[in-house]
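Just so you know, we're using the numbering used here here: the sequence shown kicks off at -9 and counts up by one.
To be clear, the hints were calculated from the coordinates, so they are not data collected in a lab. Treat the hints with care, as some may be off.
[Claimed, not checked] Here are the computed distance ranges between Cβ atoms for each label pair:
| hint | residue 1 | residue 2 | range |
| --- | --- | --- | --- |
| 1 | G76 | F596 | 40 to 50 Å |
| 2 | T529 | L622 | 15 to 25 Å |
| 3 | F723 | L907 | 15 to 25 Å |
| 4 | E72 | L829 | 38 to 48 Å |
| 5 | K359 | F723 | 41 to 51 Å |
| 6 | E755 | F590 | 49 to 59 Å |
| 7 | T525 | E624 | 16 to 26 Å |
| 8 | K359 | E624 | 29 to 39 Å |
| 9 | S745 | R561 | 49 to 59 Å |
| 10 | S522 | S370 | 21 to 31 Å |
| 11 | D570 | Q295 | 54 to 64 Å |
| 12 | T529 | S241 | 50 to 60 Å |
| 13 | F590 | L829 | 53 to 63 Å |
| 14 | G398 | E755 | 25 to 35 Å |
[What the hints assert, rightly or not] Once the Cα atoms are required to be at most 20 Å apart in a straight line, the calculated PhoX-like pairs of lysine-lysine come out as:
| hint | residue 1 | residue 2 |
| --- | --- | --- |
| 15 | K552 | K36 |
| 16 | K235 | K436 |
| 17 | K482 | K552 |
| 18 | K234 | K348 |
| 19 | K237 | K344 |
| 20 | K359 | K464 |
| 21 | K735 | K680 |
| 22 | K348 | K237 |
C-beta: ideal position from N, C-alpha, C; glycine also.
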Amino acid sequence: MKRVLLGLACTMLGVISVFAQDRTVTGRVTSEEEPAGIPGVNVSVKGTMVGTITDIDGSYSLTVPEGSDVLLYSFVGFNTQEISIGNRSQINVLLTPDVTTLGEVVVVGYGTQSSRLSVQSISSLDNSQIEGMPIFTAQEALQGQAAGVQLTGTSGVGGAQQNIRIRGVASLTAGGSPLFVVDGVPLNDGSSSDYSNTSGAIALNPLMELNPNEIESISVLKDASAVAIYGSRGANGVILIETKKGKSGQSRINVDYYQGVQTPTTVRPYMSLQQYNQYRSLREETPASDFPQQGFDWPDAVIQQGSISNLNLSASGGSESTTYFISGTYFNQDTYALGNELDRFNGRLNMTHKFSEKARIGANIGLAKTDNDRIYSDNSTYAPLTSAFLHLPYTRPYDDNGNYSRLGFIPNLLAIEDLAITDYITRRTTANTFFELDILPELTFKTDWGIDQIQTEETFRFPDIVEPTGSGYKRIIQDYKWLSTNTLNYEKYFGPHYVAGLLGYSYEQADFASMTVEGSGFVSDRLPNVASAATPTITSSTGTNWRLASYFARFNYRFDDKFLFEGSARRDGSSRFGADNRYGNFWALSAGWILSEEEFLQNNSFLDYLKINTSYGTSGNDRISNFESLGLYEAGTLGDYAGSPGIFPSQPANPLLGWEESAQFDVTVNAALLDNRLEIETSFWNKDTKGLLLDVPIPYTTGYASLTQNAGTMRNRGVDLMIRSVNLKTPSFEWSTTLNMGFLKNEVLELPGASEDNEGRRFVEGSASQRAIEGHPVNTFYLVRYNGINPETGEAEWLTKDGEPTTTYSANDRVIVGSAIPRISGGITNTFSYKGLRLSALITFVEGNHIMYDDLRFLYNPNNLNSFNLDPQLLNYWTEDNRNSFAPRLNGDTQSSFGQRSTLHLRKGDHIRLRNLSLSYNIPSTLLENTKIIRSARVYGMLQNFLTISNLEDGLEPEVNDGGDNNQRQGESFFTPAQAKSVTLGVSLGF
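Modelling step: build the complete structure from the supplied sequences, incorporating the hints.
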């Protein structure tokens, strides 16, 4: 019996010993904001290296070793909790926010990070900064709200491109725009000229089909550590856009509607019929009564009060296993320019479903159709805001019988609006589906498949009154892109050590097809199709494609969430580059130190947070044509050989053609002070680009004039500054300010093989007014200096290259006179909140750039009398009694050269603009409870572009760029329509 009892006792002691050595604790971690669970919370056993992180629903399971009885729960932005285990096997934890360390989560390449612990330089906007703004495209939300990001509206025409430069321009001939990624799908980044006929019109916006109402956040990746993960497409920066997702809980329905009116920010002056007759009479010494006394006010006829409206409906919600977000939007803009109207329809469905605790699937699908009743907008006589100012004031659109008149070279703008067809229709589908599997609690596999499919249909049909016998044009384009991305993501705490890694492979391809037909000679204007044309002038069908295969990795290490390290690498293989240079390797290293976690800065009542991080790495630019490296032959009509079909060599091969590569160094300091009421972020950076693609002259004996080679180098350097402050805060009132500024210096370092000027400097010409010159910015204006009117002689004078006045204009006297690139750009936002009222004002500013108004060469040119309308300043001509005049004396020796290209047409582009002024009121929930239906209600009013302060004369808009995204032609205008200013009223309801 004793032996039996002894045996039982030993068995019980053994069982107890086993439990003491090895026990499992499970549970879930939540917060008040995330009751469904917080993923990624670090759960560790105090005093050991044992730990895990919570799953997507906040659940965890942890084996606790013998002798340990305390668990630590830590997560960025929340207070760390220590909990004794005791005899419990399940512990659920409610985390509370730590207001001293709370940091937002920012979207990075292929993931998210805490902004507090990130070593990347990223500017972010969330939905609260975007919602309610009556903007047409996502880029407009970035204006003045991201340091180091310069955004220039190219034109006031509906759907016009917004020109974005992140930390300067990093290329001459390759693309200069950033890479846009929407829900993980890199968008087709072919220039908009690939998608439309841009002759005489500003390029169209590549994000025209993305609805701002659907955006949850925008992240601008700026430094090497942020962009290197995108390798060959990161040199110009990357903009990540995340659309809204559903959340578990009660379903919510939101309705937002706004409507407003639009007018141009400025209208250029022009001679009335009376003024024109007066000037003509003086010049021709003929009585004004001999000239036509009836005319037509063309600018007044084509400039109207425009309108803008937007209706958005959305619903979101879900259960613990399935969430959804669905929305639909109709946007209409009838701009101030005659004949320009745009309609956009958007639909979106985002869904996620959790099969189990370890497996998830989701889809993000966006559909859009845009119908753009389009107008030409710049260097075209068909552009209403060009020809309206060139039409002679006595030219009339109607004959004596009230019918449209045929007007010749400058067409009848009213007839174009009434009778012509100028439609541009886009249909776009952007979507991705993904599947995630937690192989281990700390190891997740994700596979993602995405598409970006664009179809455009462009139709022009001009009647006989505009083009004799009529003309027709139709172009249909399809650009279908798909990609597949597979990643493994690992993250785990080992006590104070945090280790994370990302491995991925991506493949994408795009297939482009274009069909174009054009013809003339229509028997009737009632025949709309090109097939009815008697004479076909274009019958074209073309196609092209490209492929990109990529391997990428990222490694993160943190010690005690105080010392930070990150490394990333990517290897890209592109079909666009030469056989001997098809693959490129890009990488970045970065490190950070949170000094505020050090003991010598603890218990500091002044400083709440201080971090310094630095990075260095490389990225590339693959925005070149698909077959730039290949030897090409051309056929078609140009290959005709004495009536027989033929081909001829059109491009020499260069198997060594490779990437433009940018190497960037960055030092960033982040600080929060005064109980987090003052935040400062400053970045000092330098970006050197080598291997610039240049057309280098080669001997004509080769049969070619030039060969595209990697030859030049360029440097951008600057400082980004962000300051955010809470200036005054009481229980019912708050005043906050956010300042974003970017300081930039651009310099072309080398242009091997380029042409040389008289000073021996190599240069590449971008336009007749500007060029890239070694030792100077890429957009350097090179012009003859205008010296004014000599008050003694009444003749116009210019300066020779040596600075001597002369009345003889000569292009050989051109010198460097400025740059189109601003030295400083940014914005400041002030927000005032009082109970339910909110007043916000965004002011943007630009300094240090010049703008060439090339249209002034026409309007200031006395030689254009009887050809075009003119500027009224020509009436301010020199006389004995008017020696401080604008124009030379009548019929003087310099009348014929006064309109020649010079600094007379160049202006400083410095300006301050009230970009957005909004006033909103949130109706108290106590008043809405009685409705039993309405959850929230907000009414708002907004002014956009309502005030501009500059030294420019009336009619000159500082925010223009007729070169679109052409890196070599910036800051120029030829009758480019001014930006629109608008007054908008809206209401937002939640159910």
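**Q.** Hints that the structure is at odds with (numbers, increasing)
**A.** 9, 13, 18
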